[in-house]
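Taking the hints into account, I'd like the entire structure generated from these sequences.
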Amino acid sequence: MVNPLLPTESPMPPRLMAWTMEPEHVRITFIETVSALVWVLANDSVLGTAVEASAVVAIACERGCPPESNLQLLQLATDITIYIVDCNVLGAATVVGLLQPLLERPSLTKIFFDLHDLVTSFHAVSPDLSIVGAWDMQLAMELQTNQTKMDVESMLASVPGRPANTNDFVEDRLRHTNRTALFSERPLHREVLAFAAYDALLLLDRYDAIENNMDDDEWAHIQVASDARARSAVALHGQRKLAFDKANRFAFASFELMAAARPHDMYVGPPLVVHGDLDPILSLLPPEWSEVLSAPEVASTLSDIVLDKGRRPWAWSRGVRLLLGDEDREVTPDDMDAIVTKVGGFGTDNRAGLEKQLHRISALRNRNQDIVGLTMRVGRHVPGLSTLLLDILLASEANVLFLGEPGCGKTTIVRDVARELAVRRNVCIVDTSNEIAGVVNIESLRLDLLTLTTVGDGDVPHPCVGLARRIMVPSLDAQSAIMVECVQSHTPQVLLVDEVGRASEVEAARTCKQRGVRMIASAHGSLRKLLKNKPLRGLVGGVESVTVGDALAQKSGKLQKIVAQRAGDPVFEVIVELEKGQYNTWRVVLHAAEAVDAILEGKSYKAQVRSRVCANGIGILEIQV
1 MVNPLLPTES PMPPRLMAWT MEPEHVRITF IETVSALVWV LANDSVLGTA VEASAVVAIA
61 CERGCPPESN LQLLQLATDI TIYIVDCNVL GAATVVGLLQ PLLERPSLTK IFFDLHDLVT
121 SFHAVSPDLS IVGAWDMQLA MELQTNQTKM DVESMLASVP GRPANTNDFV EDRLRHTNRT
181 ALFSERPLHR EVLAFAAYDA LLLLDRYDAI ENNMDDDEWA HIQVASDARA RSAVALHGQR
241 KLAFDKANRF AFASFELMAA ARPHDMYVGP PLVVHGDLDP ILSLLPPEWS EVLSAPEVAS
301 TLSDIVLDKG RRPWAWSRGV RLLLGDEDRE VTPDDMDAIV TKVGGFGTDN RAGLEKQLHR
361 ISALRNRNQD IVGLTMRVGR HVPGLSTLLL DILLASEANV LFLGEPGCGK TTIVRDVARE
421 LAVRRNVCIV DTSNEIAGVV NIESLRLDLL TLTTVGDGDV PHPCVGLARR IMVPSLDAQS
481 AIMVECVQSH TPQVLLVDEV GRASEVEAAR TCKQRGVRMI ASAHGSLRKL LKNKPLRGLV
541 GGVESVTVGD ALAQKSGKLQ KIVAQRAGDP VFEVIVELEK GQYNTWRVVL HAAEAVDAIL
601 EGKSYKAQVR SRVCANGIGI LEIQV
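According to UniProt numbering, the stretch in the sequence shown is residues 1 to 625, in order.
I should point out that these hints are in silico values taken from the structure, not numbers from a laboratory.
The reader is advised that the hints may include incorrect statements.
In silico lysine-lysine, DSS-like type, Cα no more than 25 Å apart, as pairs [as the list claims (entries may be wrong)]:
#	residue 1	residue 2
1	K309	K342
2	K606	K529
3	K513	K532
4	K580	K606
5	K561	K513
Written out as structure tokens, the structure is:
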């Protein structure tokens, strides 16, 4: 029940509405004019400039729907009064601008829950704002529970204090509308304002409970981490800055909190250095072509060299075609024969490589099976590249599928995943074209016993895969059988497969998973494209058509009674979508089943954009795709 309270002591400016919320006996003041806000900031004993060092204010807000997330209301709770500021009427930029001295005052402790999101909204309307003296209760809960990004409901349930926010009037309204629409209505009903006020009151209440159980060092760690979180939210344009916690199986932790409280437990990755010896592949070419490609600005980003008989050769660097040699210099049969002789022959998949190298050479043949073209793919390895996924790789047992177009870096990443996992687990690589772990010149390869007879030292995997074992495949047709036989004969804990491309390999991957082997693999395309690929969509659960009843068809708003739905559980729970040139920014789908269901229903799906921001931290942005 809400009873109006008439002002009796200090004169109130026009349109400043105040009342007492019962049974809490808390004073609520609603501010909907600039003059009222200015008056409060000048006269309130906590918000004013002459404030004691121990003063505290809890700040909550009501915001619109993403992506704008515009401020609708701002609630400021002190021990005496809860102020509700109408940002819709005053304008968010005006409100934040007037509050800027308060937000930047270190002597006033400002209590937030999930400061990151609120700072993003503040900065959108006040780019020069720098919050100081913040205290994020979400970070405080993480310090106590190791749970990153706890939601406010869980916090309220975990910490004893006032009962949860219940309001019969608001709950009834929310059955017919959403929260954003409810707080967009004007005029705002007093019960709605009381509901918003109670949110801020709960923050202040739980802060008292948490603070009483903290020592001074812990309190200071939260304060330092909170101010750092406010800065990083702005610097990373809304991305959350996270670190990997070595003491918690490399699970995610807030970067700012680890830096303040447990810097020794923060994983620091190696500097990313690209290793790719171009001399062996360039030595195959005539000097007038290789000289152009040896230039540092070209060599560092060289991806492919293309030779077609009777045409001018070219190369791809930074996604740009670079023509080689003089205009009238074409690839001759002698050029082609000389390169093929140096390579030493091609397998049944028309691929070959260079001994102890990661480079790959693919042949293009005419109808008579004569080689008339070559594609020379530069192979590189980057130790530490996979650390964007360290939490998934080391703190979970999820099966991971890398998706992307050719040349986006799938194989390079899989190499480093093999190295990272092999430090702790028994890892086997089913290396179809010897591209992951280097080249072997095979004279004979018996499928039944997986025994090798090789030329030179080709049976030794490239050091870039660390302790991972490499299982070679005699032909593409044999890959699915090799996958199953590897599980049966070599008891791997993790099986890596590059370029899953046939239905038999999908079934083999499912069989390996059912036998308790963790799967890491790559395939071409994106998640949406994969669902259109009948042979491969079983990797993410497959698709089947079902007939629905009239009632369900009407409820879904669709006229069709035959709809597509996921046929089963995905082989791979985590999907990583890669794009060309984006080696430090990946899109990660943590729940493949939910994403597939959303796509089949014509909706967007949840994903994370992960970016490498420093040696010991990554940025994460939650998006809808």
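Hint check results:
| no. | hint | verdict |
| --- | --- | --- |
| 1 | K309 - K342 | holds (17 Å) |
| 2 | K606 - K529 | holds (17 Å) |
| 3 | K513 - K532 | holds (23 Å) |
| 4 | K580 - K606 | holds (21 Å) |
| 5 | K561 - K513 | violated (34 Å) |
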